[in-house]
Amino acid sequence: MPQPVQPRSRVRAHAPAAAVSGDRRGEVTGEAAARGFRYTATGIGKAFSGAPVLRDVSLILEPGEIHTLLGENGAGKSTLLKILAGVYQPDSGELVLGDERLPVLTPRTAQQRGIYLVPQEPTLMRHLSVVENLFLGILPRGRLPFSVGWREMRRAAAGYLERVGLNVEAETPAEALSIAQAQLLECARALAHRCDVLFFDEPTSPLTDHEADVLFETIRALREQRYTLAFISHRLDEVLEISDRITVLRDGALVATQERASADRAGMVRAMVGRELAAAQPRPRRMPTGPAVLRVTGLTLEPHFANVDLEVRSGEVVGLAGLVGSGRTEIAEAIFGVRKPTAGRVVLDGKQFDRRSPRACIDAGLVYLSEDRGRHGIFAEVDLARNVTSGILPRLPRRAGLLQIGAEHGLAAEAVRRTNVRAASLASRIKTLSGGNQQRALLARWLLADPKVAILDEPTRGVDIGAKAEIYEIVAGLAAAGLATIVISSEIEELTQLCDRVFVAYEGRIVGRLSGAEITAGRLGSLVVGAEVR
Amino acid sequence: MTLGSSHRLAAIFRSRGGRGSSLDRGWVLALAAILVAEILYFSLTVQGFFAGGSGLLSLTEQFLDIGTLALGLSFVIFAGEIDLSVGAIASLTGIVMAELWKAGLEIWLAVAAAIAISALIGAVNGLIIALFRTNSLLVTLATQFIITSTATALGGGSPPFGFPQSLLSYAGTGTLGPVPAQLIVFAVLAVVVVVIVDRSRFGRALVLAGYNRDAARYTGIDVSRTVVGAFVLSGFFAGIAGIMISAFYNAARDDIGLSLLLPAVTVVVLGGVDIFGGRGRVAGVVVATFVLGFVTEGLLVGGHGSLTATMVTGIVLLLCLVLKLQIDRHEGVSLGAELRRRLGDLFPSSVARSER
Amino acid sequence: MPLVPVTEPRVRLDGAPLRAAPLRRFLLRREILLVLAMVAVALASGLHESAFLTRSNLSFVAADAAATAVLAVGQTIVLLTRGIDLSVAPILGLSAVVVGFLGQNHNLPLGIGVVVSLAVGLGLGVGNGFLIAVTGLPPIISTLGTLSVYGGLQFVVCNAWSPHTVVNIPNSYVNFGNDNAFNGLAWLVVIAAAITAVVAVVLRHTRFGRSLYAIGDDAEAAYRAGIRVRLVLFCAYAACGLLAGFAGLIYLVHTGSADSTTGTDTSVNLISIAAALIGGTTLTGGKGGVVGSALGAVFLSLALTAMVFAGIDPIWEPAGVGALILLAVVSDRRRGGTGSGALTRSAGGAA
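Sequence order for the protein chains is C, D and G.
Last residue of the first sequence? That's 534 in our numbering, and every number before it is there in order.
Last residue of the second sequence? That's 356 in our numbering, and every number before it is there in order.
Last residue of the third sequence? That's 351 in our numbering, and every number before it is there in order.
Hints in this document: simulated from the structure, not taken from any laboratory.
Incorrect hints may appear among the rest.
Below are the EDC-like pairs computed for lysine to aspartate or glutamate, each with C-alpha atoms no more than 20 Å apart in a straight line [to be verified]:
{"#": "1", "chain 1": "C", "residue 1": "K431", "chain 2": "D", "residue 2": "D328"}
{"#": "2", "chain 1": "C", "residue 1": "K340", "chain 2": "C", "residue 2": "D363"}
{"#": "3", "chain 1": "C", "residue 1": "K431", "chain 2": "D", "residue 2": "D214"}
{"#": "4", "chain 1": "C", "residue 1": "K431", "chain 2": "D", "residue 2": "E61"}
Could you build the full structure based on these sequences and the hints that come with them?
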């Protein structure tokens, strides 16, 4: 029977010591089990910058059950989990843990209530030891005042590490751990913090099969101990292997919740991707002939990707599909000269193009719209005009060596008009623009470079519906005018709508090449999750 | 699309002044107002401060070396770095020039050679920082002492003095009518800096790199080369400042390096340039030179010691930073918010996060 | 549940090779390397000039390093949090000057003098702590500002007393500065070593100490884990000031004089940072220790004295320190400790 949540206080620093006595026999004791809370979410809604990400989602997480959230990129799974863990705050809806209705959560208060999110990328203190990371914030007291109880800590740590199957010395610095070990450490941390509800955000993406198995062992053990567990994954086989209950999200809405027993692979894929395509017309597919403007062969950069071949012709829109972590951005960055591949060739316009840097690429007509708009794209505090012209500094109009600001503004104005950026003026700081307008401004930037090939990485991420449609139009228009475009996207619908051909990447390899009528949501859906590999 | 039509379009969107937001402009205007106010104040309250317009102008000679240093330092700070060695470079340049002249080189050749060397030192700073991707604070802290030692060693306890008149009149205490030669030099340099920062490719790359180094890379900007360029300019201007100082005192001085750094940094920060890079206007640095300069002079003429003046400079620096922090927070800018978020408030991130 | 051994890591988080054997690890510790380096320098110098290796010279070197060591220990506390304190020079100076004048003009007993020096240091450190932890200013610029303010204060203090410099401290002070505790080991050295040991224990065995490392590693994550970041930072700068104050006392009794430029004229700032860096503390925070910093101070003192013995003009002393720092910077690249630590916007590392 779920208990009401006890407020956490710092006094609980003694708690690990108490747990130790039970664990000394190395056996799972009642003390080590969770209190078995049911976590209920009702009517959760969330929108970012006007774009809805979750719509009225309700689900129940039962203790002693592994509940998996499934869905495409952009379906809202990660957002939902983060809301449940207090990282985001929902716009609407309510959360109930056990019997208690939860107030607005922050990561800290969620942790105090016993909710722990194991993030996709481990967030450990690199220089501190495993033990210290385990007990960060709740270092047990030693005998003297103010001191740290190292011995107790180590003993308790040994217990927790054993429970998760992490076989490292307690004093190992966290930076020496592999990603797999770091994740297990995060699990152990959750246990050390006496959490009863554990979430895992795509934990297996960076792991090998064997490491994933180890993680599953641990998760299963936790299930036996009545922890409330939720798990995000893309790998259908995994999901079928480990889940007790599966919830499928699509486009921010809950599509299905089923018990494992009644779920099958085909059904899941259908639930994930099958939908009526929106009223928007897919772009008529073209099969341009002629030589490839950009041809990439054998591009390799371990451990991100290997042996990548792709080519794109003038007037074509080629998609690069795949899950997050499949290496697509790294491939693009290697083509654009931001990363140096260890092998492979790039031929642009028939000429071999080896010593690549962003400048060289832009000057040669190859541009890249980066995935991380905030970090690699916009200059947030800078006005729109200078953002737009920043890609073509060498080509800005000059007289006697001095930049002609008036003419520069003219160029910017024209580019901004072509991409329909809505802003108060060219002097507005770009951060005051909406996501969609920022993205259009970045497109304007690359248009000014008069490119032959454009690689657009997640061009509609964080963009509202209206702007999305416009961006699709812009892409279509550019292709019609002869631009060779590579669109990297995690949204299957986007790819089916825009692309003439699609390459599918999975764990750094190209596992599929579809063209024309072959490009269907179903086919893409199964290729990106690696269902057709092995 | 013809040029004509684009100009018309631009006219709809154009905003005069180009760089920066209204906040930056407001800051400069506020500085100008403070300048006027303080000149009035000191003229009225401090005996001997105001000696006619020409008196005021000649007072500026006391701090134009700092201003020159600050102008050069701005390049580095715009790029998001810092150069603690500017004072030392100024000091060394004066000594090098003096020694070269003493060794027989014609004075202006010695000047040119010394300034070239200071630019070279700046290049070395920049290269170490760019190539080894290290902290500019640390590197310039270290090179500052190496350079100071070199200056002291070269100067040998009694640095040369008694330079030819041409140097003194063009770079030292000479005047053109009521206007000191140094002021003319400073004005020319200020214009040059404005032109470089606002109207050159290099300046644009510099500022963009200061705002967002990663985005700059993705835009094709060669950040390493830009950073090195910034340090070369910083060294170059420090060299000019050193010549100005030597000419003014009619003696090369190996002891002033350290004491120049703080006022120079204060002037840059006072001028509204963001210590993290990108934001700010050169005009601000120019006005700030006079604001701080006259405050210092007012104190000195009024009988307070030079170390009091230094203290006041330090207080000004701190007040400035705190003020900027407050203003930026109100504006929603992340200058202080970044730090504060880490230390205090934790509000939900409502920026469009990627969906995984 | 059965212990499932984890496989060999496919990708290590930081890309470096797995941990080497324990003995090798011990030998590669920065502190050991420093001791070896010091022995090497001493031997090399001794071969060149035998007077270097005399007991009196070596103990002079050690005593000389005492003030620097204490200073470096304080600086380390702050460096660990990814901060920096450029105002330690005038804190040392002010403390030396205040105690000096009180001793010279008012015959203040040494014991009270110690307390005064600590109070001065603490007060000034609290000023730094306030600006950085409460107001939120970036440490570099903030301490650059307090550097000048405190320096000015030092000048004012000197002017308030006459004569304007300290030259004649009481005998008790001088004795303390020069006497040996036992076996030729100066009191100053013993005290500096004791302070280092105490701080080392605090860093390793108290929650406050561990919080310093956590904040330096990732301030935001530390906050989320429940650590009171602001409070810890405030105390760190206060502690640094406290230690700098005591270092001022050591300086006073060791050299017997103090004036308005004490501290700022002897590149004390740089030396404290250099000692810490050489001792293994990084600018980016989260890594390092005070034992290394103290050893770094001794190493610097040794190296600089060796320079003098080798006939190099003492004018080049600061240059030597600067060169050593550059060497540490360049060779430390692999340790990743010299990135744009205190100067970047996101001073808390990626979360």
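Against the structure, the hints:
Between the alpha carbons of C/K431 and D/D328 the distance comes to roughly 15 Å, so the proposed pair stays at or under 20 Å and holds. Pair hint C/K340 plus C/D363 holds up; C-alpha atoms about 18 Å apart against a cutoff of 20 Å. For the hint pairing C/K431 with D/D214, the CA-to-CA distance comes to about 16 Å; that is within 20 Å, so the pair holds. The straight-line distance between the Cα atoms of C/K431 and D/E61 is roughly 43 Å, outside the 20 Å bound, and the hint therefore fails.
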